[in-house]
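A.B. asks: Here's the letter readout for the chains.
Number of protein chains: 4
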Amino acid sequence: MQANKKRVRMGMVGGGEGAFIGAVHRIAAALDQEIELVAGCFSRDPENTRRTGAALGLDAARCYPDYQALFAGEAALPAEERMEFVSVVTPNNSHYPIAAAALDRGFHVLCDKPLVVSLAEARALEKKVEETGLLFCVSYNYSGNAMVKEARHLIRSGALGPIRKVMVEYLQEFLSYPYEKEGNKQALWRVDPGQAGLGGTLGDCGSHALHLLEYLIGEEVAELSADKAVYMPGRVLDEDVNLLLRLKGGGKGTMTVSQIAVGHENDLSIRVYGAHGSIQWRQEDPNYLVHCEFGKPKKTLSRGNAYCSADAAGVTRIPTGHPEGYLEAFATVYRAFAVAVAQRRAGALPATEGPDYPGIGAGVRGVLFIAKAIESAQNNGAWTALV
Amino acid sequence: MQANKKRVRMGMVGGGEGAFIGAVHRIAAALDQEIELVAGCFSRDPENTRRTGAALGLDAARCYPDYQALFAGEAALPAEERMEFVSVVTPNNSHYPIAAAALDRGFHVLCDKPLVVSLAEARALEKKVEETGLLFCVSYNYSGNAMVKEARHLIRSGALGPIRKVMVEYLQEFLSYPYEKEGNKQALWRVDPGQAGLGGTLGDCGSHALHLLEYLIGEEVAELSADKAVYMPGRVLDEDVNLLLRLKGGGKGTMTVSQIAVGHENDLSIRVYGAHGSIQWRQEDPNYLVHCEFGKPKKTLSRGNAYCSADAAGVTRIPTGHPEGYLEAFATVYRAFAVAVAQRRAGALPATEGPDYPGIGAGVRGVLFIAKAIESAQNNGAWTALV
Amino acid sequence: MQANKKRVRMGMVGGGEGAFIGAVHRIAAALDQEIELVAGCFSRDPENTRRTGAALGLDAARCYPDYQALFAGEAALPAEERMEFVSVVTPNNSHYPIAAAALDRGFHVLCDKPLVVSLAEARALEKKVEETGLLFCVSYNYSGNAMVKEARHLIRSGALGPIRKVMVEYLQEFLSYPYEKEGNKQALWRVDPGQAGLGGTLGDCGSHALHLLEYLIGEEVAELSADKAVYMPGRVLDEDVNLLLRLKGGGKGTMTVSQIAVGHENDLSIRVYGAHGSIQWRQEDPNYLVHCEFGKPKKTLSRGNAYCSADAAGVTRIPTGHPEGYLEAFATVYRAFAVAVAQRRAGALPATEGPDYPGIGAGVRGVLFIAKAIESAQNNGAWTALV
Amino acid sequence: MQANKKRVRMGMVGGGEGAFIGAVHRIAAALDQEIELVAGCFSRDPENTRRTGAALGLDAARCYPDYQALFAGEAALPAEERMEFVSVVTPNNSHYPIAAAALDRGFHVLCDKPLVVSLAEARALEKKVEETGLLFCVSYNYSGNAMVKEARHLIRSGALGPIRKVMVEYLQEFLSYPYEKEGNKQALWRVDPGQAGLGGTLGDCGSHALHLLEYLIGEEVAELSADKAVYMPGRVLDEDVNLLLRLKGGGKGTMTVSQIAVGHENDLSIRVYGAHGSIQWRQEDPNYLVHCEFGKPKKTLSRGNAYCSADAAGVTRIPTGHPEGYLEAFATVYRAFAVAVAQRRAGALPATEGPDYPGIGAGVRGVLFIAKAIESAQNNGAWTALV
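Residue numbers (our numbering), protein chains in the order written: chain A, 19 to 405; chain B, 19 to 405; chain C, 19 to 405; chain D, 19 to 405.
Note that these hints are calculated values from the structure, not bench results. It is possible that part of the hints are untrue.
Identical chains share a label here; the pair holds if one copy fits it or two copies do between them.
Stated by the list, open to error - Derived DSSO-like pairs: lysine-lysine, alpha-carbon spacing no greater than 30 angstroms straight-line:
| id | residue 1 | residue 2 |
| --- | --- | --- |
| 1 | Lys314 | Lys203 |
| 2 | Lys145 | Lys314 |
| 3 | Lys314 | Lys146 |
| 4 | Lys317 | Lys199 |
| 5 | Lys23 | Lys266 |
| 6 | Lys266 | Lys24 |
| 7 | Lys199 | Lys314 |
| 8 | Lys199 | Lys24 |
| 9 | Lys317 | Lys23 |
| 10 | Lys23 | Lys145 |
| 11 | Lys199 | Lys23 |
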């Protein structure tokens with residue numbers, strides 16, 4: 019039973035011992051004290067689930083051996099007790115069946131990215147969300163950063179003028195080493211097309227990069243030209259992809275995503291250039307936003323100041339100079355989704371996506387991006403429309 | 019009642035509407051999901067307490083009109099239900115009576131810094147902690163940063179050689195504007211000697227700076243020479259203090275603390291130079307540690323890498339490149355204290371302080387520092403021993 | 019007459035009042051005190067030449083009305099007095115006739131980049147250099163930086179392993195404003211295909227970028243795919259070009275060059291990733307080189323340290339921490355060329371290019387790059403070989 | 019004989035093989051092509067002087083065995099041929115006799131810092147400069163940086179408001195190693211009180227730091243409190259000094275100078291805080307100036323932009339983004355002095371100091387600073403007036 023009735027009740031699939039992103043989701047959910055984890059199936063191994071649940075202080079009866087049991091068991095509980103939404107944090111290939119089953123049982127869903135492993139699955143899931151009318155969130159966590167909101171505000175306000183050039187990078191060094199040969203769980207599923215899907219770094223990094231770009235500029239990528247590479251023996255999924263972009267509004271750009279870029283840890287950055295100004299933001303230094311205006315000194319905006327927009331201020335927890343990081347941005351997505359779930363519980367009809375919570379559409383778009391980048395690369399970089 | 023029995027139960031005094039640090043403490047306590055806020059007296063205004071408690075989803079019966087009622091009410095609850103420790107997040111002048119009352123009622127205490135407003139209070143509280151045998155933590159949150167632990171590890175391991183020079187800065191611009199004249203709560207109590215105590219920026223910034231320095235180098239400041247300034251009309255407490263330091267081991271250094279340093283937000287930084295190497299760490303960019311060795315390229319260590327020490331790894335939640343910030347470091351202090359409280363609950367006798375939780379001794383030392391810096395400044399910078 | 023007989027005697031074509039790069043070349047030539055400017059034709063306007071020469075303290079008799087007169091006049095002087103090489107710093111379209119005429123008269127040539135405005139001219143000039151046996155240098159000044167040499171040394175020594183990924187950027191904001199409409203000389207010729215040649219930013223920035231890349235990695239770009247843009251009304255030459263690259267050794271990469279990237283001043287940077295390590299260097303912060311090795315802390319190498327290679331040390335004038343900049347790197351190219359000219363004067367046969375002086379081959383390659391990038395862009399980004 | 023009659027003719031004392039700063043002065047003098055080195059006595063070893071002169075292409079007859087011979091020999095040459103000023107770049111203890119002898123022979127003098135080794139010498143030299151009416155420059159080269167001029171302009175224009183706080187650092191690691199035991203010439207004289215004078219790092223670094231501070235803020239340090247340290251066995255001069263400062267206008271500050279600060283190369287930096295704004299400048303990154311205004315985003319000003327003041331623009335050679343460095347700033351001091359010498363040659367009476375050339379008064383003040391810092395340190399940090 020839950021003491022704090024104000025909180026939204028969450029279940030989780032995935033995130034057992036040996037996983038990475040599950041613990042991140044749990045902290046993100048806990049941070050703002052508006053969500054309570056009440057149930058879970060943390061692993062395909064029931065013993066792992068049991069240990070994980072115990073370590074988290076969960077009621078053993080709500081640690082289920084498989085996701086079907088989770089959904090059935092929770093659905094059988096009284097409405098004021100059962101979980102209200104499920105967080106899906108498993109390898110990519112199981113997102114579809116789990117999310118679909120949750121929706122079928124009437125649970126709202128927050129799903130890790132990339133949404134699913136094929137365009138067909140993406141569209142099927144989109145249809146199911148529409149049909150059930152349930153809430154669905156894709157955890158593009160980087161959009162939760164306050165200074166990303168600030169950049170988006172500047173761009174929407176016209177401060178940069180028409181967008182001419184974008185540069186998006188998402189560079190990691192993680193897969194420069196064949197960790198999968200040592201049994202590393204994170205590496206194993208990421209290099210396995212059966213679990214990761216069509217894309218390697220395109221799925222892991224590229225889907226984030228595309229979302230951040232389109233979220234920021236409020237404009238879609240019209241078409242892309244991609245060149246992908248695999249260097250490590252035994253791997254088949256892309257480790258490194260370079261792309262040229264053309265925006266719907268006429269601007270152009272580059273994107274590069276890599277998991278073999280030695281020296282980069284989790285280096286997602288974006289630069290947007292308009293006719294009059296530009297912005298630069300970097301995930302590893304997320305509390306700052308560089309804003310340049312032609313002919314003026316470079317400005318560095320810092321989270322938490324009075325000059326920041328309401329969009330940024332609304333997701334700011336602590337004063338300027340007190341750095342918020344990855345978990346806080348992640349928590350912003352959770353909080354926005356929890357607010358929507360609570361509104362629904364109260365009988366309202368919240369929007370199915372919002373500035374702080376990316377919806378099913380953004381999830382579908384990420385899968386489309388992966389599929390089209392692969393298609394372009396297979397056609398020697400032919401320009402390929404993102405439709 | 020609390021659902022998750024694994025969690026340590028916390029109460030809070032202070033942190034109502036209009037306060038800053040209380041919400042920080044609540045996030046810090048929630049982040050690692052090992053602590054549950056169950057009771058509180060959030061303001062001297064019972065209505066504020068009621069609203070704050072409701073917003074937090076607390077049981078109204080456990081939102082008390084004053085701290086005496088809080089301690090009495092909780093003490094009257096069954097042991098498995100009542101709060102186990104209280105977090106004291108009020109202005110400095112009330113730390114002593116509240117903490118003393120909590121100890122008298124048998125509650126462990128986590129107290130914000132500076133510990134109290136006079137050396138006499140500090141020593142009385144230290145005595146009471148010893149007599150009661152209860153656990154006491156002072157929230158010097160900056161020591162919770164992973165890369166501070168890494169620096170401390172390097173220094174302890176001898177990587178720098180004997181310490182020759184230290185430079186500590188804690189610079190803010192906050193009080194460059196007379197916010198107290200506009201009724202800003204944060205400013206009002208900070209510039210009021212009746213609430214803040216002897217020190218202005220010495221209390222707010224200086225006590226952190228001293229703790230960080232001594233924690234890092236594992237060596238005490240032997241004596242100091244201070245020059246303090248007040249620029250804004252109507253203020254009496256120090257706004258800006260420059261200090262020369264002499265360490266017990268023979269090294270020397272500077273410290274500067276200010277709340278009128280325009281352009282600095284919360285800029286706590288430390289540099290330590292030994293015979294062979296040096297380190298630099300900066301709170302606003304906390305995931306990195308610069309380590310220099312004479313005659314070699316500068317190295318930038320990044321939190322979360324395999325090369326980091328066990329001390330740093332033990333307080334690292336997420337991988338390298340995914341920035342942790344202010345709240346995470348704060349949560350590390352809370353978690354360490356919660357672990358000790360849970361051990362005590364289980365009948366063990368945990369240490370009364372530790373690398374991750376600063377004890378009453380560190381709190382006393384902070385007050386001593388403030389008192390001696392004021393004394394030196396009043397004696398035109400006479401060298402004054404920190405004893 | 020020249021007092022200091024040790025110095026190599028230089029003439030100059032271009033660089034009169036209103037020009038930019040001519041003064042840069044003169045400082046670069048003077049800095050190391052091994053070259054003396056003795057003659058010139060600084061403008062098509064003889065009066066400008068006269069004034070410029072007078073301001074420089076030149077003998078009025080050696081300030082010539084046109085380049086033909088310069089070459090004829092100097093050729094007629096005694097061997098120990100006449101200029102030994104000519105520096106050509108005019109708009110691109112006149113490089114070919116001037117350089118060819120100088121070679122025909124027996125003068126060595128240092129020519130600004132891009133070498134000439136068409137592949138046909140480039141190959142004709144290359145042939146003439148071979149036939150005359152004279153020395154020819156193209157002022158790819160960025161290769162003169164000490165830390166570029168250090169990076170090249172690291173790569174040649176195998177420290178990075180096989181090259182997998184390169185990222186080259188050369189971003190300026192200069193042409194975000196239609197300066198040519200205000201009669202700005204720098205802008206006027208740069209946006210005029212008649213003077214600038216095939217490429218706009220490809221010529222100004224791209225030729226530097228390609229040279230820096232190939233110089234650093236010691237490997238050629240095999241093919242490229244380009245997408246170019248023109249945004250400002252009335253312009254026809256590329257303002258912004260994004261490229262995908264494939265290296266002969268199997269690595270891949272991106273290049274982006276722009277003169278409408280608001281917020282960038284002269285932002286040439288390069289990143290090279292190998293199997294084991296990577297380097298990053300940025301022209302606006304040229305005294306440092308970032309070197310990463312997988313699994314180790316990031317290292318920042320600083321010019322002038324004992325750990326630097328002989329290649330870097332050989333072009334280092336002042337100790338570490340005393341920044342050398344753009345002019346010093348430029349002077350390194352001049353000095354290397356002057357040394358070769360002095361060796362030739364002394365009867366030796368110096369190499370026709372070297373690590374510190376880029377020869378005609380590098381000049382041809384730059385023109386080839388411009389031509390092929392334009393060709394690819396005109397073919398909607400078709401992969402185009404750089405041959 | 020000199021070909022270029024426009025140039026000012028310079029002689030040099032010091033700067034032979036094994037020296038450092040002499041070559042720097044020669045580049046600084048050559049860079050702007052307005053000065054010609056025509057004579058010298060580069061070492062107390064005539065053979066060293068002969069070799070150095072030959073390497074520089076000087077007339078052997080003007081390479082003199084001692085400074086007395088230099089002054090006598092040059093004085094005997096025709097006025098249009100003989101050197102016009104002498105650059106004194108010897109160890110500190112010989113500055114006085116050489117400069118005095120030069121003045122006595124009627125030569126203008128540019129002298130390296132610190133001016134001389136005692137206050138008595140400083141005042142005697144000041145008197146001689148006044149009596150002879152000759153021009154005298156002290157090469158405080160850091161004041162030659164464009165962005166230092168920009169900062170000075172901002173402060174003079176009142177952009178910062180009344181100055182409240184200054185922080186000056188000049189940190190090097192050079193003497194962390196006992197180079198003097200290996201015969202290193204630079205180290206040998208610097209640690210020898212007989213050659214270096216009263217101060218060690220106070221002379222090398224401190225005199226620059228004081229000049230930069232007073233130059234920037236246009237206000238004098240009223241009094242100081244100093245604590246000095248010597249760590250390396252066998253040394254007697256200060257290696258590291260920490261100081262508290264009080265300004266005439268009521269502001270306060272810190273200064274720290276060190277040559278044993280491992281990890282710092284030539285790290286001179288200054289921060290100035292006023293009531294409304296602040297600036298930060300750092301010599302190792304000299305093309306930028308950080309300017310903060312309370313409540314606004316941090317601005318980074320970059321040399322060479324149209325928004326820069328005339329003071330900065332006047333010493334800017336190349337466009338923004340093309341870094342100028344240490345030598346360029348040094349050359350600015352030389353150029354300003356050469357302009358004054360040329361004006362005097364032409365019969366004018368130029369000012370005896372100026373924004374771009376520090377005069378004898380600044381030299382005296384540097385020596386006063388060293389003497390008073392030593393005095394304060396010997397009196398256990400007693401506040402000591404700078405008069």
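A.B. asks: Decide, hint by hint, whether the structure agrees.
C.D. replies: Hints versus structure:
1. Lys314 to Lys203: Classified as between; 22 angstroms across copies, 49 angstroms inside a copy.
2. Lys145 to Lys314: neither (49 angstroms within a copy, 47 angstroms between copies)
3. Lys314 to Lys146: neither (50 angstroms within a copy, 47 angstroms between copies)
4. Lys317 to Lys199: Only across copies: Lys317 and Lys199 sit 28 angstroms apart there, 46 angstroms inside one copy, limit 30 angstroms.
5. Lys23 to Lys266: neither (46 angstroms within a copy, 54 angstroms between copies)
6. Lys266 to Lys24: The answer is neither: 44 angstroms in one copy and 53 angstroms across copies each exceed 30 angstroms.
7. Lys199 to Lys314: between (52 angstroms within a copy, 21 angstroms between copies)
8. Lys199 to Lys24: Neither: 46 angstroms inside a copy, 37 angstroms across copies.
9. Lys317 to Lys23: neither (45 angstroms within a copy, 47 angstroms between copies)
10. Lys23 to Lys145: Neither way: Lys23 and Lys145 sit 33 angstroms apart in one copy and 41 angstroms across, limit 30 angstroms.
11. Lys199 to Lys23: neither (47 angstroms within a copy, 40 angstroms between copies)
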